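**Q** For reference, the chains in residue letters:
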Amino acid sequence: EVQLVESGGGLVQPGRSLRLSCTTSGFTFGDYVMGWARQAPGKGPEWVGFVRTKVKGATTEYAASVRGRFTVSRDDSKSIASLQMNSLRTEDSAVYYCTRVPIGVAAPGGIDYWGQGTLVTVSS
Amino acid sequence: DIVLTQTPLSSPVTLGQPASISCRSSQSLVHRDGNTYLSWLQQRPGQPPRLLIYKISDRFSGVSDRFSGSGAGTDFTLKISRVEAEDVGVYYCMQGTQLPWTFGQGTKVEIK
Numbered sequence: 241e242v243q244l245v246e247s248g249g250g251l252v253q254p255g256r257s258l259r260l261s262c263t264t265s266g267f268t269f270g271d272y273v274m275g276w277a278r279q280a281p282g283k284g285p286e287w288v289g290f291v292r293t294k295v296k297g298a299t300t301e302y303a304a305s306v307r308g309r310f311t312v313s314r315d316d317s318k319s320i321a322s323l324q325m326n327s328l329r330t331e332d333s334a335v336y337y338c339t340r341v342p343i344g345v346a347a348p349g350g351i352d353y354w355g356q357g358t359l360v361t362v363s364s
Numbered sequence: 232d233i234v235l236t237q238t239p240l241s242s243p244v245t246l247g248q249p250a251s252i253s254c255r256s257s258q259s260l261v262h263r264d265g266n267t268y269l270s271w272l273q274q275r276p277g278q279p280p281r282l283l284i285y286k287i288s289d290r291f292s293g294v295s296d297r298f299s300g301s302g303a304g305t306d307f308t309l310k311i312s313r314v315e316a317e318d319v320g321v322y323y324c325m326q327g328t329q330l331p332w333t334f335g336q337g338t339k340v341e342i343k
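Chains as they are written, first to last, in this note's numbering: chain V, 241 to 364; chain D, 232 to 343.
Some hints could be false.
Unchecked claim - In silico SDA-like pairs for lysine to any residue, Cα to Cα no more than 25 Å straight-line:
#1 LYS283/V / VAL234/D
#2 LYS283/V / GLY337/D
#3 LYS339/D / PRO281/V
#4 LYS283/V / LYS339/D
If you're looking for bench data, these hints aren't it; they were derived computationally from the structure.
Computed from a predicted model, the values in this text were never measured in an experiment.
All chains, full assembly: derive it from the sequences and hints.
**A** Below is the structure:
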C-alpha cells in the first residue's frame with residue numbers, strides 16, 4: 241500500500257523558515273517524481289512544485305508564488321521528500337500535501353497519490 | 232497559466248441519479264508527447280484530494296466504475312452514473328500538461 245506521511249507543520253512567524261518532510265512506503269521511491277501541493281482553508285488545491293528522479297538529474301520545478309523561497313528535495317536512501325520553506329508569508333498558510341507523480345509516461349503530468357497533509361500557519 | 236473552468240459549481244443530485252461536471256481549458260491540453268494530462272480528483276469533507284481519473288478517461292486503481300471521464304482538447308466531462316451518499320464532496324479537474332499545473336475551481340456535489 242502506497243503511503244505518504246507528512247510532518248513538520250506548525251505555527252511560524254512571517255519571514256521565518258520551516259521544513260516539511262514526507263516519509264513514504266509501499267513503492268520504489270527512487271523511480272518516482274515527488275512533489276508538494278497546498279490548500280488554503282476553504283480554497284481549492286494549488287500546485288507547489290516537484291523534484292524529478294535522480295536519473296533525470298533530480299531537477300525541480302516550482303509555482304511562481306514560491307520560486308526562490310521554497311526548495312523541494314529528495315533522499316532516495318531514506319525514501320523521504322522534503323520541502324524547505326524560507327521567507328514565509330501569511331499567504332503561505334495552508335495544508336501542505338506530499339504528492340506522487342504517476343510513472344510510465346514520458347512527462348510528469350499529474351498526481352496519483354496525496355498524503356493526509358500537514359497544516360502550516362504563518363502568523364505573528 | 233492555463234485556466235480551468237468548471238460548471239456547475241454546485242450540483243444537488245438525487246441518490247441513484249446521474250451527475251455530470253464539465254471542465255473547460257483556456258488552452259489545448261494535448262502534451263507534445265501526445266498524452267492529454269487532464270485528471271479528475273474527489274475531495275470528501277475533511278479528507279485530502281483523491282485521484283479518480285487520469286489522462287481524460289483512465290480510471291485509477293480502486294475507483295468505482297460509476298465514474299467515467301471523457302473529452303478532448305479543451306473540453307472534458309466527469310460523469311457519475313448513479314450518485315451514492317459516499318460521493319458527496321468537491322470534485323476538481325486538474326491539468327498536468329503545462330507548468331504550472333492548475334486546478335479548476337471545484338464542483339460541490341451534494342444530495343438533494
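**Q** Compare the structure with each hint and give your call.
**A** Hint by hint, here is what the structure shows:
no. : hint                : verdict
1   : LYS283/V / VAL234/D : 16 Å, holds
2   : LYS283/V / GLY337/D : 9 Å, holds
3   : LYS339/D / PRO281/V : 16 Å, holds
4   : LYS283/V / LYS339/D : 12 Å, holds
Every hint from the earlier list agrees with this structure, and none is contradicted.
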